[in-house]
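Protein chains: 2
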Amino acid sequence: MTTNRYWLLDRHPEGTDFAKALSLHEAPLAPLCEDEVRIRVGWLSMDAGTRMWMTPRTDGYQPPLPLGSAMVGVVLGRVSESRDPRFPEGALVRGFGQWAAFATVSADAAGLVVVDEGVADPRQHFGVLGMNAWTAYVGIREVAAVQPGDWVAVSAAAGATGSLACQVARNLGAKVVGIAGGPDKCNYLRDELRVDLAIDYKGEDVAAALADIPGGLNAYFDNVGGPILDAVLPNMAHYGRVAICGMVATYDSDEALPGPARFDQILMRRLRVEGFFIPDFLERGAEFLPILRQWYDEGKLTIRFDETRGLDNVLLAYERMMTGRNIGKVIVDVRV
Amino acid sequence: MTTNRYWLLDRHPEGTDFAKALSLHEAPLAPLCEDEVRIRVGWLSMDAGTRMWMTPRTDGYQPPLPLGSAMVGVVLGRVSESRDPRFPEGALVRGFGQWAAFATVSADAAGLVVVDEGVADPRQHFGVLGMNAWTAYVGIREVAAVQPGDWVAVSAAAGATGSLACQVARNLGAKVVGIAGGPDKCNYLRDELRVDLAIDYKGEDVAAALADIPGGLNAYFDNVGGPILDAVLPNMAHYGRVAICGMVATYDSDEALPGPARFDQILMRRLRVEGFFIPDFLERGAEFLPILRQWYDEGKLTIRFDETRGLDNVLLAYERMMTGRNIGKVIVDVRV
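Residue numbers (the numbering used here), protein chains in the order written: chain A, 1 to 336; chain B, 1 to 336.
Each hint should be verified, as a subset may be incorrect.
Claimed, not checked - Chain A is faced by these chain B residues, among others (derived, beta-carbon under 10 Å):
no., residue
1, Leu29
2, Trp53
3, Pro56
4, Gly60
5, Gly225
6, Ile244
7, Cys245
8, Asp264
9, Met268
10, Glu274
11, Trp295
In short, the hints are calculated from the structure, not lab data. Think of the CB as a built atom: it goes at the ideal place given N, C-alpha and C, for glycine as much as any other residue.
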């Protein structure tokens with residue numbers, strides 16, 4: 001009988017003190033129910049969006065995860081057992097599943113997909129071919145409607161979604177402003193992502209740096225909300241588009257925070273501000289993937305991995321991501 | 001030699017104390033310069049948007065009006081003298097001009113148009129055929145993309161633009177929620193505009209009243225911003241649209257005010273929030289006018305006028321409008 005190891009959500013975390021809120025358990029694997037698929041997890045994806053499931057807030061994307069449940073995120077691994085013929089044993093799959101050595105899921109609820117075995121580094125299914133890349137593509141191309149020659153700013157630009165959004169914008173012919181915290185991240189933006197302007201929000205006045213852009217910003221891909229959004233809004237060009245991808249600052253709060261102080265600029269500059277959520281676009285993956293794949297093959301879309309080893313260390317990885325100490329995509333290698 | 005009377009902006013008003021900021025003057029009319037048109041003003045339109053020109057803020061729609069200038073608004077009257085052959089003496093015209101007995105303008109800068117003499121009540125060129133109606137139409141139809149069966153809320157619903165927005169939404173087959181202050185306005189919304197729900201924000205909990213709408217609001221036409229926007233956002237349906245037409249609360253302030261506390265709902269509900277400004281759409285008037293005219297002829301688009309008599313009393317009318325004591329369109333009859 002095989003033993004599983006998995007993380008349970010015991011209580012709602014305060015801030016980034018996840019060790020008090022989650023605990024690692026062991027139990028024998030139960031037999032599969034009808035239609036279920038079991039995945040031997042290779043890697044776990046660490047995503048800020050999952051922070052909200054840990055809170056009791058009911059007005060978020062999805063209902064909160066009940067206390068006592070296994071914590072859920074996006075997992076990548078091979079099917080180890082299956083009662084769903086679409087996902088045979090041995091298939092490499094990605095979808096929503098437990099933070100566990102073995103994730104047991106219903107394929108449709110989990111958004112399970114078989115991924116391309118022809119990609120040399122399977123981690124790229126969490127990278128340039130993963131949900132962060134879809135998010136970057138949809139946000140830049142469709143929500144922010146970026147055109148060649150536009151000036152586009154991206155916040156949390158050294159993070160997984162942000163670094164991909166910078167490259168998608170660049171690949172579409174836009175001029176890119178990456179906003180990130182600290183010189184290491186800004187060097188990464190300049191040297192590896194080749195942005196036109198990198199702004200270190202910890203060391204620079206963001207509004208003043210943006211004020212130099214001729215004609216203002218045509219689009220902004222926002223991962224953070226808060227003071228950076230306030231610095232961006234008065235520096236938008238008329239008829240600019242703001243794609244709201246994330247509001248990291250609000251995920252660990254059940255209380256309403258002050259809204260953007262320069263909300264009035266939406267009217268004054270006739271801006272379009274739109275929130276989007278990538279699971280709404282999952283069915284369109286077949287449309288995005290070939291473009292992302294082509295850019296990857298041409299060396300025009302890259303990602304850095306910030307990898308932690310071992311299921312025991314998942315909270316360290318999660319905290320790294322939530323506190324922005326990472327460059328690129330935070331993942332946990334569960335195989336070791 | 002004809003004497004003109006006109007209002008000058010002497011200083012930036014504080015709040016609604018306009019008497020300390022503007023003064024009425026008399027001077028002989030100067031000869032027209034090349035291309036100029038002179039209008040004997042019949043009526044002045046009182047519009048909240050003009051409040052911003054009285055402030056020194058440079059991040060608004062338009063540059064501030066320099067102190068010492070004649071105050072400008074939308075005027076309706078007959079051409080009394082002309083050096084522009086497109087606007088011959090006697091033509092009934094509308095455009096941006098001075099708060100004066102005679103407005104002297106350059107036609108293009110003033111957005112001057114000859115209006116239809118076939119409308120029995122010429123005031124309707126400030127009413128169901130005027131800029132407020134264009135604003136209502138563009139905001140409801142294009143920005144908020146209202147569809148038959150949608151639930152649509154309108155704030156300042158008993159004002160000029162709001163009352164027309166309610167009717168445009170109703171005429172497009174939507175269900176309409178009008179939000180206004182006080183029982184008289186709410187009775188007007190119910191009895192004359194036939195909204196599906198009228199909410200008195202002075203006497204009711206707006207958020208609680210909206211929570212009863214099945215499925216939430218599909219669209220919101222916002223004239224006010226502030227606490228009503230905060231009450232609306234968590235009551236929007238997913239993928240709802242917010243057309244930002246005005247933010248009356250911010251016009252008399254040169255300082256940034258707190259943004260919407262429930263800004264996070266833009267992400268959680270995947271909302272689209274868009275600011276718009278009707279002068280951007282002036283060239284499309286030929287497209288809107290026949291529809292508005294047809295609704296008017298069919299009795300499906302009406303407006304109440306809140307009329308003040310005499311150029312001397314313009315500040316009283318302006319203050320009525322800015323403090324929301326009016327129902328319908330505030331105008332000044334300058335002929336008397």
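Each hint, compared with the structure:
no. : hint   : verdict
1   : Leu29  : violated, 35 Å
2   : Trp53  : violated, 13 Å
3   : Pro56  : violated, 15 Å
4   : Gly60  : holds, 5 Å
5   : Gly225 : holds, 7 Å
6   : Ile244 : holds, 5 Å
7   : Cys245 : holds, 8 Å
8   : Asp264 : holds, 5 Å
9   : Met268 : holds, 5 Å
10  : Glu274 : holds, 4 Å
11  : Trp295 : violated, 26 Å
Checked against the numbered hints given earlier, the structure breaks hints 1, 2, 3, 11 and satisfies all the rest.
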